[in-house]
Every structure is written in structure tokens, then in C-alpha cells.
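Peer 1: Residue-level listing of the chains:
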Amino acid sequence: MNTATPSPRADRVPGSSRVGRAAAWIALYLALALAPLAMLLAGPLPAGGGRRWDFALALGFGGLGVLGLQFALTARFRRATAPFGIDIIYYFHRYAALVGVALVGAHYALLRLWFPETLGTANPLEAPGHLTAARVSLVLFFLLTVSSLARKQLRLEYDTWRIAHAVMAVSAMVLAIGHVLAVGHYTAAAWRGSVWTVYSALWILVAGYIRIVRPWSLLRQPYRVVSVAPERGRSWTLTVAPVRGAALAFRPGQFAWLSLGCSPFRAREHPFSFSGSAADRTQLRFTIKELGDFTRTLRDVAPGSVSYVDGPHGVFTPDCFPAAPGFVFLTGGVGLAPVMSMLRTLADRGDRRPLQLIHGSRAWDEVLFREELSALQSRLALGVVHVLQEPPPGWDGPVGVLSPDVIAPLIASRAATDVFFVCGPKPMTASVQRTLRSQGVSLRRVQTEHFDMA
Amino acid sequence: MRERLALLLCGLTLVLATGLAWLFAVRHNPRPSHRAPPAVSPPAQSVTGARLFLEQGCANCHAIGGAGNPRYPLDGVAARRDRAELEAWIGGTGVAAGQLAGSVVRRKERYRELPAEDMAALLDYLQAAGGGRP
Ligand SMILES: Cc1cc2nc3c(=O)[nH]c(=O)nc-3n(C[C@H](O)[C@H](O)[C@H](O)COP(=O)(O)OP(=O)(O)OC[C@H]3O[C@@H](n4cnc5c(N)ncnc54)[C@H](O)[C@@H]3O)c2cc1C
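Chains as they are written, first to last, in the working numbering: chain H, 1 to 454; chain U, 1001 to 1134.
Warning: the hint list may mix true and false statements.
[Said to hold, decoys possible] In silico contact screen, one side only, chain H against chain U (beta carbon under 10 Å); selected entries:
#1 Leu30
#2 Leu41
#3 Ala96
Source of the hints: derived by calculation from the structure; they are not laboratory data.
Think of the CB as a built atom: it goes at the ideal place given N, C-alpha and C, for glycine as much as any other residue.
Work out the full structure, taking the sequences as your base and the hints as a guide.
Peer 2: Okay, structure coming up:
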């Protein structure tokens, strides 16, 4: 067990209890998502409107339940996300929201198909308010879907998209709830009135928590930029220190949402893995690759700038596997950042378990932390293999990417026992996972972190 | 593997939600729904009435001959209400005002301003479709 670092707030317990918790959270998810339908099924209601009518109607309730829950999914509740890893929660959010939109879309489409007269005119001056609310809500949900799935093709800047996403999501939800309550056939009956009010208020509260409570709590724990130092491979290491007290405690491999030089209320934050040692409570380090609008501005960040750190998040950490006999790290490019944190922390703890790093880079000069990796080999039982796409003359190491023929021989002796950490570009992560599988590594011993979650 | 689980859970949500919606529809409507047969083609004077029924948004909440919101069907309504009562229910006045929710009465206010010949056509249509007392 790790005793060197104080236990961070992210309460994660390794092993089977993690599976138990995951199952419990999934059950709660299903219960909350299906609650509106369950409320329909429970007990007396005014007479039905025929099977088709009630089916179409119930689909709307189902869609609303699923969509309401999306606010909770993206609220970064640590306890709820811990058993899964928050990256996968966002991945899930994308598809779960599609399910919700599909249900709401079917609600409308079936009414349009089976009861076209009911819908009447779409002219908002003529149509009843609750139908106009529903129409606007539907359009917003549609825009949300398109702008999210095709954000890159539409060239929407990330921060702009994100703010628009929040505004549209909250408006669409408020309109949809208004529609349901105004129609009221089934929601007003018996005890349902107040239950519905509470259920709807829940999602508004969660949205308020994300936008107000969480940024506010970050404000109370500001950090200052200590330095921005260049690294190999068009990357920078950003060091921040708490204005007062100790830096937040994290487990090596976890990450945080970072706001630089602006208030946390602006919601201009980006996720980055901690790259420093978790044993160092005086400062936090992040290693960041220049990729786009935000990361390109890093070089201009002045020491002393204020910054806010929302974390720790994630479960990509060897601390979840205290009993593992050894670890293998398969990384590409800046995917090395969380692994650097693991290596530095394990070194500080004096961990002597066998470690193997297989790291892919473009060229020898761009190998992130090249010098420090060789220095770490004297403090750890660490093997390092570099894989280069453009090797220098005389290079006798592996060439290309982390393909099956490169990694299979390197991991064969460890496939049955070690825990594997994979972090890199999407295609690399996918292909390495396939290779590990074909080498007989059980999936429970393969941990991945997705940098590209939005 | 986590991705697989996430997609599986999404699929499960879709199936469960659709299944429960269907279960509700069946349980709440023990007999299969059938659209009432279209009203015997309405007499000439109520063609206008039928058009008004749709245009004026009556179908947002009511159905006749299967057209419109089946929650409050008006087939046969004329057997229960005479012409004066029907007019009160259309405008949300008199006895109807006391029995309808405030928001519904507000919505119905606009029908009090219908031109007399439109109101007459609408009433003709309701009475024809309802097959009731003159
Ligand atoms: C869990 C996690 C850990 C990460 N750790 C690191 C790390 O240690 N080092 C590192 O260099 N990068 C890391 N990243 C990636 C990093 O967050 C993005 O590269 C960065 O946000 C890009 O911002 P940009 O505006 O410069 O680039 P853009 O060119 O504007 O964006 C490039 C892409 O990055 C993603 N992105 C941009 N902004 C955000 C945001 N606010 N939130 C989420 N995704 C965003 C989008 O998919 C976008 O299309 C991590 C990402 C995740 C999810």
C-alpha cells in the first residue's frame, strides 16, 4: 500500500470493491434515468389516450429522464466518476445524450405520424405555448447534437462551443420540463405533482452546482504560476504553487482541469495530467504539448499569473493496483505526461518493482524527458525502450509506431502478471489495446486514459 | 473494455426506456388502440366546421373521427351537450368555466371572438360528428 502520500479526496479503493461501486452507480444511473417512466407506471392515472398515443407520450418522458441525467454525468462528481474514470464518463455522455435525443425525437416523430392534427400550426403566435416550448426545445437538442458531433468539421472553437453547449442544454431542458408540466395530463395526477417538481429541480440544481458552486470553491484555493519551461517535442512544463497551504493531493497519473489567468467562472479550463511527483506537496507540474488555440499561448504566460486547479480526477493510476508485481507503460508523445508522474512518484517512494516503459516519439530530438528518463533508471528498476518514427542514422532501436511486432516481444514475459498503462494518440491506444488482448493480457489489467474526450 | 461497457449501457438505456414506454402504453390501454373510423363524410355545411376544428387548434386537445388529440375525444359529444352548452365549452364560459383549469379557460378565451358564422359552422360540425340533439 502507498503510505508516502496522504490519501487524496478522490476516494477510490482498488480491486473488487471498485466493481461493486461501479455496479451501484450504474444501478443509480438507470433508476434516475428511468424514473419518469417508472412514475408513469406506478399507480392511478387519468384514462389513456390509446396505445399509440401513450407510447409516443411515454417516449418523451423516457427521453427527458435520460437527458436530465446528462447534467449529473458531466458535473465531475468525484465519487460517482471514480470507479469508471472521468474520461469514459464523457465518452458515455456523448452516446447517452444521443439516446435521449433519439427518444425525444421519436416522441415527436410518432405524434407527427400518428396524430398530425394534434400538433396544429407551428406558428408561435398561434400555437399553444407549451407546444412552442417543446418545438424550440427539440430544435435546441438537435443543434446540440449537430454542434457536438461535428464540432471539428464546423470549425467551432472549443471554448465557444463549450459555452454555447451549456447555454443550449440548460435552455432546452427548462423548456422541455415546462412543456411536460404545462401539458400536465400525467404529471399532475395524485402524488406526482410534487415528485415531478423535485425531480426537475434536481437537474436545475446540478446545473447550478457546475456553474456556481464548483467555480466558487476553486476561487478559495488559488495557485500562482512559478515557471513555464520548454521541453523537447514542442512541449512546456508549467509549474504552479498554491498561494497558501499545501497543493492538492493527487495520485500519480491523475489529472485536473486548469484555468490560467482567468476566473473559474469563465469556464475556460483545459484538462491536463499532473506530470510531477505526487510526493511533492509544494507545487504542481503539468507537461503540455502545443496543439491549438490554448496550448499555443502557454509560452506567453508570465510567472505570477493566477491559476485554478480543479482536481484530482481520473483513475489512471498505479495506486489502484497496490498488489501488482510490476507495471508496463505504453505511451506516445505527450501521453508520457501522466506516466512521468507515476515514475517520479514511484522513485520518490523507493518502489523497487520492475517497470517497463515503451515510448513512441517522432524523432530522437523530440523525445520528451529523454534525459530524465535515463536518470530515473538509476533510482528505479526501470527499462526504457524508445520507438522512433524518424530514427537518426545508426539507430538500432525499434522503428515506426507501437505496432504488434514492436511491442509483443517486449511484453511477452510480463503479459500474465503486470498491469499495463496506455496513453497516447487515439489510433495508438486502440491498436495497443488490441495487441495486449492478443497477447493474453486480461482487460482488467489494461488501463487507458483518453486525452481526446471532447 | 470501458468503452464497450459504456456503449452497452447506452443500448440498455434505449431498450429499457422503449420497453417501459411500450409496457405503459399497453397496461394503460388494455384494449388495442384503434383510430375511430373517419366520421361519415360530414354534410356540406360542416366542411367549414371541420376545417375550423383543425385551424383553430381544437385538435391540439381534442379528436373527432380519430383526427386530433385522442385524450379528449369529441365523437358523440352532442349526445351529452346541447348547442348552447357546446358553445359555452368552446369559449370556456358559464358552466364550463367552473370545470376547466384556469390555463385552459385562458386558452379558450380567443374562441369567444369567433365570427358568428364560424361559431355556427363549428357547432354544426360538432353536432354532425357527435350525431346528437339539434
Ligand atoms: C484526461 C486528460 C488529460 C490530458 N492530459 C494532457 C497532458 O498531460 N498534456 C497535454 O499536452 N495534453 C493533455 N490533454 C489534452 C489537452 O487537454 C488538449 O490538448 C488541450 O485542451 C488542447 O487545447 P487547445 O485549445 O490548445 O487545442 P485546440 O486545437 O483548441 O483543441 C484541440 C482539441 O483538444 C480538445 N480540447 C480543447 N480544449 C479542451 C478542453 N477545455 N477540454 C477538453 N478537451 C479540450 C478538443 O478535442 C480539441 O478539438 C489531456 C486531456 C485529457 C482529457
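Peer 1: Would you mind marking each hint as holding or not holding in the structure?
Peer 2: Results of checking the hints against the structure:
no.	hint	verdict
1	Leu30	7 Å, holds
2	Leu41	5 Å, holds
3	Ala96	5 Å, holds
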